[in-house]
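Visitor: So you can see what is in the structure, the chains are spelled out below.
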Amino acid sequence: MVGIGLLAFVIARLLPGDPAASWAGPRASAEELARVRVQLGLDRPLPEQAVRYLLDLVTLNWGISIHTRQPVLSDVAGRFMTSLELVTFALVIAGLVGIPLGVLAARWKGRPPDWLAGLASSVLVAIPVFWMALVLQLVVSTQLEWLPVAGRWDRTLNEAAQAATRTHMVIVDSILAGNGALLLSGVSHMILPALVIAAYPIGLFARLTRAGLLETMGEEHVRMARAIGYTERAIIWRFALRPSLGPVLSALALVFGFALGNTFLVENLFNFQGLGSYAVDSIDALDAPAIAGTTILVALAYLVANLVVDLVRPVMDPRLREPGR
Amino acid sequence: MTAAADLGREPGPRDGDDGAPASVPGSFVGYLARRPGLLIAATIVAILLAGAILAPVLAPFPGDAGSDTNLLATLLPPGGAHAFGTDIAGRDVWSRVLFGIRISVGVSLVVIAASLLIGVPVGLIAGTVGGKTDDILMRIVDVFLAFPSLLLALAITATLGPSLEHAAIAIAASWWPWYARQMRGEAAAIRGRAYVEAASLLGIARWRVALRHILPNSIGPIIVQASLDLAGVILTFAALSFLGLGAQDPTPEWGLMVEQGRTLTFTQPWVALFPGAAIMIAALAFTLLGEGLRERLDPKGQTRR
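So the protein sequences, as listed, match chains L and U.
Numbering (numbering that gives the first Met the number 0) for the first sequence: 0 to 324.
Numbering (numbering that gives the first Met the number 0) for the second sequence: 0 to 304.
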């Protein structure tokens with residue numbers, strides 16, 4: 000944890016340009032600059048600044064963003080919730096598409112469905128997300144006019160959305176507010192960006208499921224079920240699939256971090272006001288506190304995701320429970 | 000991404016159904032012929048390499064990959080003299096995509112090599128020496144691995160300032176810890192083997208044992224992993240350039256070219272579509288090639304960590 004904080008400090012302090020100058024603005028006088036420098040603690044020796052920075056992090060004083068002039072923590076917290084909803088939506092899609100794709104491939108191993116599923120998952124892993132976003136916008140939104148190009152909801156719902164904002168997650172907020180129109184609009188605006196973010200996880204989940212399932216299918220309990228006379232379909236879905244999903248679950252934290260990273264590439268294309276677009280705007284503005292805050296928040300989220308996965312795995316797979324519990 | 004790609008690894012040897020026992024030595028061509036995916040991938044990689052070398056000959060407008068502009072021929076649709084159309088500065092997109100191989104694939108190769116040059120020695124030292132050195136080195140590695148790799152590269156590039164070189168440094172900085180960790184695992188596993196202990200007992204210096212016995216016996220899986228990671232590095236490099244943090248105009252880098260065509264997507268889609276497709280094809284070819292290599296060189300499917 001201290002390491003993460005220190006790395007963030009290095010990033011924040013090494014950013015090109017003088018933090019005091021970017022804070023005070025281009026027309027600040029020399030005295031004003033000096034005053035800002037003292038105010039921000041930039042006149043102290045670097046080790047002291049580092050310690051102060053770490054203390055501030057722990058006490059949730061993450062500084063003021065230079066480009067929004069709001070406290071970084073309140074900025075990133077809301078934006079993070081928005082991106083978290085998007086990423087969760089994407090991972091649900093990935094599970095619903097990727098796992099059946101892997102089952103299909105394993106069921107028809109070495110036959111055309113397996114090759115096609117393999118090719119599809121390789122393409123999804125290799126596709127540049129920002130390019131996929133443009134292609135989908137071009138084809139699905141502009142040519143077919145099936146889904147909206149960008150934004151988080153229809154413009155006419157702006158006021159309703161403002162009023163409903165509680166968690167910064169539009170699906171949750173619209174349900175809490177009982178606003179069906181907003182819910183529908185929010186979901187339809189989320190499908191395209193979520194599909195783009197889901198591309199890589201779909202490909203990965205399909206491969207992991209296929210590999211896991213093929214391994215499980217050779218095990219005793221599956222052969223037992225086959226001997227009893229269950230159909231192949233029942234064997235896969237009732238006995239073999241669940242123990243095969245361990246690798247998918249283990250990969251979940253990593254995929255979550257990866258998907259969160261992809262919001263940086265995708266959100267601005269869809270005019271989706273989440274953590275990713277905030278981070279990119281902060282980088283454009285050389286906004287050191289905001290960049291550091293985003294970096295730390297993402298690292299924290301990644302850490303928590305890893306912990307949660309470690310806790311959930313034994314619940315899902317009894318073999319991982321410690322003996323004697 | 001590195002580890003995620005890795006998790007897709009088959010749990011054991013491929014069953015014989017695809018008809019290629021890994022033990023057949025020598026006949027690499029015959030091996031390829033039995034795997035259409037690998038054959039296609041190898042062909043694409045060969046074409047990419049040829050395209051990179053022959054770009055000055057093949058490109059109809061080689062100057063367009065540099066600082067040439069042609070303001071009388073901006074945004075021409077594909078066809079005629081410009082197979083992929085022209086961009087907003089009137090440059091031939093096909094020529095730029097072709098020269099882009101040198102940048103996008105070439106830089107990615109350099110980044111992978113640099114990551115190996117840092118990660119392998121660090122892992123080797125940690126795995127061979129063990130003890131406190133191991134603890135400290137791995138603690139440092141863990142700090143780097145605490146961030147999703149794209150975000151770490153992004154933060155470092157933002158810190159150093161946008162340029163092709165800085166993007167390359169940033170990606171290498173976020174990639175080497177994976178190799179350090181993998182190398183350490185391999186080295187620690189080999190260290191206990193009889194022949195290594197025998198060499199130590201004979202009084203051979205520790206660094207000599209590390210270089211002569213541990214390194215050659217553990218580098219195989221790491222090279223395979225590196226070839227798989229090439230696709231990830233190509234994508235990350237393109238992503239940084241797309242965000243304006245990597246290559247700068249007029250460098251014909253694919254991610255940057257997509258960015259330049261971004262606002263034209265709905266009117267002149269060819270400007271962004273062709274370079275983006277090039278990224279995907281290159282990444283796909285290297286992924287499939289790496290998987291084929293892994294099956295052939297590492298049929299046991301040794302786990303990475």
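Since the hints were derived computationally from the structure, they do not count as laboratory data.
Ideal Cβ positions, reconstructed from N, Cα and C, are used throughout, including at glycine.
You may find that some hints are simply not true.
Said to hold, decoys possible - Computed Cβ-Cβ distance ranges for the label pairs, DEER-style:
(1) U:55 to L:236: 38 to 46 angstroms
(2) U:204 to L:223: 54 to 62 angstroms
(3) L:95 to U:39: 57 to 65 angstroms
(4) L:161 to U:38: 53 to 61 angstroms
(5) U:76 to L:111: 31 to 39 angstroms
(6) U:219 to L:312: 50 to 58 angstroms
(7) L:226 to U:39: 35 to 43 angstroms
Said to hold, decoys possible - Computed list of chain U residues with no C-beta within reach of chain L, every gap over 12 angstroms:
(8) 41
(9) 230
(10) 261
Visitor: Now, for every hint given, state plainly whether the structure supports it.
Guide: A quick look at each hint next to the structure:
no., hint, in the structure
1, U:55 to L:236: 38 to 46 angstroms, "57 angstroms, violated"
2, U:204 to L:223: 54 to 62 angstroms, "56 angstroms, holds"
3, L:95 to U:39: 57 to 65 angstroms, "30 angstroms, violated"
4, L:161 to U:38: 53 to 61 angstroms, "57 angstroms, holds"
5, U:76 to L:111: 31 to 39 angstroms, "37 angstroms, holds"
6, U:219 to L:312: 50 to 58 angstroms, "30 angstroms, violated"
7, L:226 to U:39: 35 to 43 angstroms, "41 angstroms, holds"
8, 41, "15 angstroms, holds"
9, 230, "6 angstroms, violated"
10, 261, "7 angstroms, violated"
The structure does not agree with the numbered hints 1, 3, 6, 9 and 10 stated previously, though it agrees with the rest.
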